Structures are given as structure tokens and as C-alpha cells.
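**Q** Same order as they appear, the protein sequences are chains A and B. Letter 98 of the first sequence, counting from 1, is numbered 98 in the numbering used here, and no numbers are missing. Letter 112 of the second sequence, counting from 1, is numbered 112 in the numbering used here, and no numbers are missing.
Bear in mind the hints are in silico, worked out from the structure with no lab data behind them. The structure displayed is predicted, hence computed values, not measured ones. Please note: incorrect hints may appear among the correct ones.
Said to hold, decoys possible - Cross-link-like lysine to aspartate or glutamate pairs, in silico, EDC-like; alpha carbons within 16 Å at most: (1) B/LYS207 - B/GLU178; (2) B/LYS282 - B/GLU258; (3) A/LYS22 - B/GLU178; (4) B/LYS22 - A/GLU16; (5) A/LYS5 - A/ASP49; (6) A/LYS2 - A/ASP64.
2 protein chains.
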Amino acid sequence: MKTVKRINELQTLLGEFRAAGKTIGLVPTMGALHEGHASLVDRSVAENDVTVVSIFLNPTQFNDKSDLERYPRTLEADCALLEKHGTTIAFAPSVEEVYPEPDTRVFSYPPTDSVMEGAMRPGHFNGVCQIVSKLFAYVEPDNAYFGEKDYQQIAVIRRMVDDLGMGVNIVPCPVIREENGLARSSRNTLLTKDEHDIAPNIYRIMKESKELYPAHPVDVVHDYVVEKINAVDGLEVQYFSIVDGDTLADVHSWDEAESVVGCITVYCGATPIRLIDHIRYK
Amino acid sequence: MKTVKRINELQTLLGEFRAAGKTIGLVPTMGALHEGHASLVDRSVAENDVTVVSIFLNPTQFNDKSDLERYPRTLEADCALLEKHGTTIAFAPSVEEVYPEPDTRVFSYPPTDSVMEGAMRPGHFNGVCQIVSKLFAYVEPDNAYFGEKDYQQIAVIRRMVDDLGMGVNIVPCPVIREENGLARSSRNTLLTKDEHDIAPNIYRIMKESKELYPAHPVDVVHDYVVEKINAVDGLEVQYFSIVDGDTLADVHSWDEAESVVGCITVYCGATPIRLIDHIRYK
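Build the full structure now, drawing on both the sequences and the hints.
**A** Right, dumping it as C-alpha cells:
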């Protein structure tokens, strides 16, 4: 595995691979890698000749500076994990390398980027589009791998790729969970032992709510999830939205869309830590 | 030559070429092709395995709707010229194909994009960055060819490519002129016979001004050009700026920059038609 910090060096390496007709997979990450990321790398390694994993804690997608400051940083362990999983190139640029100029680009894909996390974290998806469009420009990948844990992120990136006509295939990969059902997330390391014990209730209750589908209406399922989770000491739902799985527009009946997904964000513990998850009803 | 209207079809074709290790040159145009464009195509054909020429009258770079409306449209003749010059793919998409969503991206590279044409045509270079970044995303070219006639445009595109870390080599190509010295431009077809006769005075007077360099100061050269051109009946200088050839910041002495270029825009005739040109002093 090569570890590269400069865009020029990355492009020289990739140019050689491309001239040899090799396919390129990209796994964009912000570091603090866990089994979820490893599953993306495994998939890319299986499906491409060359796998590039970027490690870049992108400041423009953090609307909350304290969230950025406490985000875990584990570069050495990250590189060891990537090497073990067959990564060809780990790309870990500096902020100055990625943003030589302030990024003034505005991406706007309502309702996909304006609801849920878009509403709670103003500017978040704009920052995501900024960094992902840059990474796609550097790497020009054939395939790019994203975890479905960030369900809305994938939907927004799909809109951007369609809008800009980028020749990259977006590959959504299933959520990786702990045995207790908690979705793997870099932020989980910020949970105390007690918080970590109550967090699995989120997914457990969402799974229970699937038994209400399709017999009960959307609002009953919605209220079931919110009330049950809020009843757990230490958990508080920020939002739970039942939406069209493609556009992320709210649905009010199960027939309204071809796919229907429930997306949730829950405050966990005293700090608190925001945990996100989702479940597919249809 | 293949003529292609859809991005998907373009990318399928290019994917096959790329898998075979072929290099790709791109010549972005707005149609109404003339010898200047032909020289770009010739250069791309000489330097790449595959040449893509885009023909797209990009609405987002026209701040003046009447300018867009009267811009010449000659698709059939354009395709004949491109085929003759060895183009591999002519890409002529619809506005809906390129802008399935309104393009809300803001590109900002002062002073390069804010002076001269940037000041006279608000939003113009933002539209240029929007379309060029999209074309680069569709084609992922190794090399892209632009006429130096639009000197400022190349400087802005270089800034964008550096900023976004795009792996494309920008190739500036010399201005192609008529025998009388008038820079070839699609807008020249809008000139009356009389206007066409007086327009060559622009470049003639700029060339004369080179004889004043470096003995005379910048402001003397500036005033010489403006006064001489304004003295021609039917010509009126909109601006003449003597600038750093890279950043396009104004220079006040010849020593201020490594390269110094004079950029001019002149109103010609009664309609009037805006003609742009430039000259390198240093």
C-alpha cells in the first residue's frame, strides 16, 4: 500500500494504472476506521483492480466546530487496517491541499439535501458535495463505495452525480452492526459504557415497528418509534422521518412511494452524542 | 465521427476507449465554428488518440439574454467541419441534458474572474466554470484545448482546475487571425461589411503600442491604445487593462509581474458588437 498526501502524486500513480486499463474503486472516509469501513474496502477490492481510500476529516461538512474538534483521529491505526484489507493507495491530504481556496460552491438538491440531517445541520450536505466532488475529480473512479448507514448522504451524492453528469457508479453498502444491533459509527467511541448499553434500543425499536407495517398507517408507526425510544432513559429522538427512499420527501401513506424508509437521529447520553440510523419498510 | 446527444452514450463510448488505454482530448465550443476552433481540433487530434468536441451554447454564461439569442447557430456546418478535421466524437447535448437541475454552484476566483470581462459581464465566468466543470466530469479528458483569444477565460479555468484538483492538462492555443489581423470570433459574422473593415484597427493599434514597451510607462501605453482606438469612427473602447498575465491583477509598472498582457474589449458599430482581443507585452 502507498500512502499519498499530495493530489499530484495521487494522479501520477492513478494515471499509470488507468493507462494500463485498470479499474479504480474509491472509498471516501474521514478516518477513525471501523468494521463498517473495512466492509466497503473489501467490496471495492473485490470489484476493482485498484482501490483508493481517502482519509480526510472534511471541515466544510461540520456545521458544529466542537463536533469537528472531538471527532476521533486515528491515522496510524487507519493505515494499518487499510493495508490489511488490500488497499492500493491511502490518500490522506492536508486541509490546505484540498482547499487551496475557500470553496464557494453551493450545491442545492431539495428536498433530498434540505430535510432531516440537512435541516438539523445547515451546510452539512453542501460540504459533503464539495469534498466528494473534489475526490471524484482527483480520482476519477469507476466505482465509489458509501455506507448505507449515512442513508441520506448517498441519496444526496446520487443527485449530485446525476446533476453533474459524473461518470462514477455509486455503490451503496449495507450497514454493519455490532452484535447488539447498534450501527457501527466512528462516533460510537465517544459513548460511555452506559450510553453504549442503551444505544442498541434505537435499532431494536425500529425493527419492532416493522411489524406494524403495512397494517397500521404511517403516523402510527412514526409515533410508536418516537414514543418507545423517548421512553428509554438517556435517549431522545431529534427526528424520525418516514420518507420516499429515493427523494427523501415525507410520505403520509405507504402507497405514496415505491420504497419507504424511516430515518432517525437520536441524542444519546449527557454530552450528548447524535446517533443516526434507518430502517427500510418497503 | 459519432455525433452524440446524451451524456450516458458519451460515457459508454469513452469508457471503451479508456479501457483500451487511449488518451482523450476535449475541445469545448459553443458552435458557430471557424478556423480558430479548427486549429484547436487539429492540435487535439495530433496530441490524443481520441478527440471529443462539445457543441453547447451554454445559457448560464450569458448575462445578456439578447446576446444569447443572436449568437450564431450553425450545427450542420459545425459537424461537417469537425468531421473533416478528424474529430472522434461531436457531443451536442440539449440544455435539459446538461442542466437537469438549476446549477447553483458559485465559483469565485478573484481577481482573475472579477476583473475585465468578469466586471462587465456579471456571472459570466461563473457560468463558464459551471459548464467547463461539467464537461470535464463527463469526458474526464487528459488534455483540454482553449483558444487564447479568450485570454481571461483560460486564466479562470486554470484557477478552477487547480482549486478542484482536476486531473486535466489545460492547453492554451494561439489566437487565429484573419489576414487583416482581426481575431477570429463567432461573433464576427454579426458585423456588417463596414464594421468588419474597421475592426482590424483594434489589433493594429495594440501592436503599435508594443513599440512603446518598455521605454514608456504602463499608463502611457494604456492611454495610447485607448485614444487611438477611440479615434476610429465606429470603435469605442469599453476597457483596456494592462495586467499580470497569470493573476490578471492590474500592473502599474512593467516590473510588477513576470508576464504582462494588455486585454481589451471594444464596441464596434451601431448595434454594437463587443470584440475582445489581447496582446502580450512581456
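**Q** Determine for every hint whether it applies to the structure shown.
**A** Each hint tested on the structure:
1. Between the alpha carbons of B/LYS207 and B/GLU178 the distance comes to roughly 15 Å, so the proposed pair stays at or under 16 Å and holds.
2. A threshold of 16 Å between alpha carbons decides the hint, and for B/LYS282 with B/GLU258 the separation of about 7 Å falls inside it, so the pair holds.
3. Distance restraint check for A/LYS22 and B/GLU178: the Cα-Cα separation of roughly 46 Å exceeds the 16 Å cut-off, and the hinted pair is therefore not satisfied.
4. Taking the CA atoms of B/LYS22 and A/GLU16, the gap is about 12 Å. The hint holds against a cut of 16 Å.
5. Restraint check: the Cα-Cα separation between A/LYS5 and A/ASP49 comes to about 21 Å, which exceeds 16 Å; the hinted pair is violated.
6. The straight-line distance between the Cα atoms of A/LYS2 and A/ASP64 is roughly 33 Å, outside the 16 Å bound, and the hint therefore fails.
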